[in-house]
Amino acid sequence: MEQTSQLKLKAPSKLEHIIFSKWVVYLLLTPALIVLIGVFFIPMLLMLVQSLTDEQSNFTLANYALFFSEPFYWGVLWQTIKLSTFTVLGALILSYPVAMFMAQSKGKIRAIVTFLVLLPHLVSVVIRNFGWTIILNDRGMINTILLEAGIIDQPLRLMYNELGTVIGLVDSFVAYMILAIATSLYTINPSLYKAGAIMGANKVRNFISITLPLSLPGVYSGIVLVFSLSMSAFVTPTLLGGTSVKVMPALTYQQIMFTLNWPLGAAISFILLGTTIFLVSTFTKVTETKRYKVVFKS
Amino acid sequence: MMKLRFSWLGVITFFILMFTIAPFLVIVPSSFTSENFVSFPPEGLSLKWYTGLLDMPGLTSAVIFSLQLAIVTAILSTVIGTLAGLCIAKYNFKGKQTINTLLLSPLALPALIIGIALLVYFTYLGLAGSFTGLLLAHILITIPYVIRFVLTGMATFDDNLEKAAAIMGAKPIRIFWDVTFPLIRPAVISGTVFSFLISFDNVTISLFLVSAENMTLPLLIFNYIQQNLSPLISAVSTVVILISLIPILIIEKIYGLDRLFGLNSNSH
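Chains as they are written, first to last, in my numbering: chain X, 1 to 298; chain P, 1 to 268.
In short, the hints are calculated from the structure, not lab data.
Glycine is no exception: its CB is placed at the ideal position from the N, C-alpha and C atoms.
Among the hints, a few may not be true.
Straight-line distance between alpha carbons at most 27 Å, and here's what the computed DSS-like set of lysine-lysine pairs gives [said to hold, decoys possible]:
1. Lys246/X x Lys108/X
2. Lys203/X x Lys82/X
3. Lys22/X x Lys48/P
4. Lys253/P x Lys106/X
5. Lys108/X x Lys253/P
6. Lys22/X x Lys108/X
7. Lys22/X x Lys253/P
8. Lys22/X x Lys163/P
9. Lys94/P x Lys106/X
10. Lys171/P x Lys106/X
Label pairs and their computed distance ranges (CB to CB) [claimed, not checked]:
11. Ile112/X x Pro182/P: 47 to 53 Å
12. Ile42/X x Ile64/P: 54 to 60 Å
13. Tyr124/P x Ile142/X: 45 to 51 Å
14. Gly10/P x Lys22/X: 53 to 59 Å
15. Trp23/X x Glu213/P: 39 to 45 Å
16. Leu47/P x Ile112/X: 52 to 58 Å
17. Leu67/P x Leu147/X: 38 to 44 Å
18. Leu156/X x Lys90/P: 55 to 61 Å
19. Ile277/X x Gly58/P: 47 to 53 Å
20. Trp23/X x Leu67/P: 33 to 39 Å
21. Thr282/X x Lys94/P: 56 to 62 Å
22. Phe258/X x Gln97/P: 25 to 31 Å
Work out the full structure: start from the sequences and follow the hints.
In structure tokens form, the structure reads like this:
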């Protein structure tokens, strides 16, 4: 006791300490902030300005107006939203059982499943998409098997269309959904199930009244993540959707790299970002109010 | 009853995991085919596509370029990110929360938009299509990961160890190298390895910044796939999978992949 008070007395004056650490703070943060401002904030600002100017560098909203006046562009935006929604649904269906299995298992098994969920995710999306090409193309694995088994006599069109795109997107992003749901399932207090059982609830009842409602925060954040990622995915729609699937990122890419209409390309990507943020925040708002309603009812 | 239900869930999980691993299960065998078109199951057995790798135009230079880019990115991001991460974890200063959010913000925006913004910017600066441009872009998107690794590593850090060293008369630099750094080393190394992986895999940002002379491996594959589906790509992909597996296993060994939770949110 006496020693600690002595140590306190012997510590250097507070003022000195503050000055020292303030300089250290600046020193440590400077490189990261330089990169952040120089390679992120300034470019983003420049892009925003670019989308709001015409050839004579005058302020204009023409690029945004052009997008909204053209039904073709509307169609592309709608297609993007539609595909992202299907991707979310697909990911949700595949994720829930895996997340439940992860929550029910322990130790080694859970670690192995987690590893297998994350593993594909750490290899380039181009390579995973190429793998799907081998499975889905006209002479691919599924068509070969079905043709040889005599189930079909014409190869099924499984890629270079919306189906292939959604399969590829689900595969790309399912890991986020699984982890989001699993984390919320991990936090469920097991005694709730005991309490449920004591009250006479069977497995199904327990699932409906305990597991499902308590996993909803994870489900919601998984939906938000997968939806936002799908909206801005470029590689998978290009490789598995081909030319027949037109999505916003591909449209942007085309404007930037081929048509070389940078202002329009920049405007399109901001419209994409704005739409995504709008849809995601509406979704969050709706699900949150719903949750409060449940609280007030009970 | 309990056991039965459990195993059903296990069976379903098994099939879903097979779905997510399916691309790898077909790529590797298909690279050994003796046919000239990717097929599964592969016909015949041959190594001709692996020897063919040497003749694939641009492959060797793309591999070397990607490795160089990923290594330099990993080193620079680790240094910059670790400094910033330590600062946020250890010091209390005004606006700390805001700075933390801002430093992680590159991960919140779609890679596509960052790619376009950088293309516009680098064109003004004359850096479009250069190594430096790609390097800056990759550093930008990997720093947030390093910071997050360091912050998680520091979450369990005991400040008293540093205080003890200071009381024993150690100088700040010595405290850092002998006390602080060894304790966060797994987090820092994982950050380095993860940065390497992100840079080595990146497509969406590199897409806008590569040029014919400076071509990364994923972009070379991306361009090639759109023209033809040759087993050559299976062979290239198998090699890339093997290269990627090394960093993945290192992270799993020293840090645990499961701790990556929420870390990887913008790798596309």
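Hint check, failures only: 1, 2, 3, 6, 7, 9, 10, 11, 12, 16, 19, 21, 22
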